[in-house]
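Protein chains: 2
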Amino acid sequence: MREYSKNTLNKVKRGSNRAFYDVTKINDILDAGFVGYVSYSFEGRAICIPMAYGRIENKIYLHGSRKNRMLLSLIQSKQASITIMHLDGLVLARSGFHHSVNYRSATIFGSVKEIDEPILKEKALKCVVDQMIADRWESLREMNSKEFNATLVVELTIETASAKVRAEGVLDEKSDIKLPIWAGVIPIKQVAEKPISEVDLPEKVDVPEHVLTYVKQNNK
Amino acid sequence: MREYSKNTLNKVKRGSNRAFYDVTKINDILDAGFVGYVSYSFEGRAICIPMAYGRIENKIYLHGSRKNRMLLSLIQSKQASITIMHLDGLVLARSGFHHSVNYRSATIFGSVKEIDEPILKEKALKCVVDQMIADRWESLREMNSKEFNATLVVELTIETASAKVRAEGVLDEKSDIKLPIWAGVIPIKQVAEKPISEVDLPEKVDVPEHVLTYVKQNNK
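Protein chains in written order, with my numbering: chain A, 1256 to 1475; chain B, 1256 to 1475.
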């Protein structure tokens, strides 16, 4: 599948010139982050909650406590929607009307089920940790069975999705260009700062390569 | 009102030690950003969409096209929920189980109505632009009636809300402290970079004070 099919659920109507359905490009947006806003219904009201996720191919993994209201609700309804947005800039036009932001956003829709099978469950948990910071999992103490059993893992299979990207300068009315008003873009970036080691680390435990790499890749 | 009342909708059950309902602290989280994830129901499914917002006291303003599916749905259902999260750090523990993030998040619930009265409508639009970057609105070309009429403004009156904040180091199992595994926090920050002026600005239009201030306040 190269492109998600469009239906009433995911077809973008407003600003459709910025919309796309390309699987690879949507995966790029998913992989540029690790926190998504997961929507669910509670007592007839729609709510969304930020959650860490991991992606393997067309599967998104979420995890939480076995008593997590949202995860239990997703499993019950057998479906979920997750939205991810990266803010890339403030677009400051000469009129309020043309103010905007540069961004990359994706909304995905899929079917949901609990993952109980131990090998797949551990793979999903590894994927969530490594989505936050690559190569972290293999450096960790192994999960014990108490932790493993206390954790609920949910798998979302992406069925359809849409994305919108804005990545350009100000689009003002032609008649406004001559006005003595400053217009431009302020680029926005999420950056990592110097890692703060725990004070109780044993001697000779240095900041590992995967942490140094992350900070380097996410610095200005 | 100093604290929002708790009910089944907003009472935090998981990680309740990090939760609070204090109005001022929740306003601080709202005011530290300008993009919120607004939830709505479409054909029985919960979806959320990132949207710019502005806050004045206990009111949140959203705007969009008169044909915006989400805004029209909110007006029809007379209620909305918005979630905001600021990511402050990756919390890298010695076990996968204790991995976490530092963050400030708030979820608000409220009643919704359309704002049609011109003075309040303009005040709401000013508020949304100034929430993105303080003091911007007064430097702009005035809205014309075509733009004004094409814009739908929605007011959410906050009825209840909850927030969760994590702002600390790693919380590992005592038995894991001696392991030769690095643990610590990578602070994450959203920063502004140097503004990029439009190339077609008239001569002598310099980057204004409010833009310089924003970049200074949002730099590393």
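One or more of the hints may lead you astray.
When chains are identical, the list treats them as one kind, so a pair holds in a single copy or across two.
[Said to hold, decoys possible] Within a straight-line C-alpha distance of at most 20 Å, the following computed SDA-like cross-link-like pairs (lysine to any residue) qualify:
(1) K1471 <-> M1398
(2) K1333 <-> P1435
(3) K1280 <-> R1421
(4) K1444 <-> R1359
(5) K1471 <-> A1447
(6) K1449 <-> I1436
(7) K1459 <-> V1446
(8) K1333 <-> A1447
(9) K1261 <-> E1298
(10) K1381 <-> D1431
(11) K1266 <-> L1426
(12) K1449 <-> N1473
(13) K1401 <-> E1448
(14) K1449 <-> S1355
(15) K1333 <-> W1437
(16) K1449 <-> W1437
(17) K1322 <-> N1404
(18) K1268 <-> I1374
(19) K1333 <-> S1296
(20) K1429 <-> E1453
(21) K1433 <-> S1260
(22) K1314 <-> A1389
The set of hints was computed from the structure by calculation and includes no laboratory data.
Tell me, please, which holds for K1433 and S1260 at an alpha-carbon limit of 20 Å: within, between, both or neither?
neither (44 Å within a copy, 52 Å between copies)
Please work out whether the CA atoms of K1449 and W1437 approach to 20 Å or closer within one copy, between two copies, in both situations, or in neither?
between (35 Å within a copy, 14 Å between copies)
One pair to classify: K1268 and I1374, alpha carbons no more than 20 Å apart. Within, between, both, or neither?
Answer is neither: 41 Å inside a copy and 30 Å across each miss the 20 Å cutoff.
Within, between, both or neither: how does the pair K1401, E1448 come out at a Cα-Cα threshold of 20 Å?
Classified as neither; 34 Å inside a copy, 46 Å across copies.
When no copy is named, should K1449 and S1355 be tagged within, between, both, or neither for a Cα gap of at most 20 Å?
between (32 Å within a copy, 18 Å between copies)
Is it within, between, both or neither when you check K1333 against S1296 at 20 Å Cα-Cα?
both (12 Å within a copy, 16 Å between copies)
Reference check for the pair K1333 and P1435, CA-CA at most 20 Å: within, between, both, or neither?
Result: close neither inside a copy nor across copies, 55 Å intra and 41 Å inter.
Can you tell me if K1449 and N1473 fall within 20 Å by alpha carbon in one copy, between copies, both or neither?
both (11 Å within a copy, 17 Å between copies)
Intra/inter-copy verdict for K1381 and D1431 if alpha-carbon distance must be at most 20 Å
between (53 Å within a copy, 19 Å between copies)
I want to check one pair: K1322 and N1404. Are their C-alpha atoms no more than 20 Å apart within a copy, between two copies, both, or neither?
Answer is within: at 12 Å inside a copy they meet the 20 Å cutoff, but 47 Å across does not.
Are the CA atoms of K1459 and V1446 at most 20 Å apart within a copy, between copies, both, or neither?
neither (27 Å within a copy, 33 Å between copies)
If the cut is 20 Å between Cα atoms, do K1314 and A1389 qualify within a copy, between copies, both or neither?
Classified as within; 18 Å inside a copy, 41 Å across copies.
Hint compliance for this structure: hints 1, 2, 7, 8, 11, 13, 15, 18, 21 are broken, all remaining hints hold.
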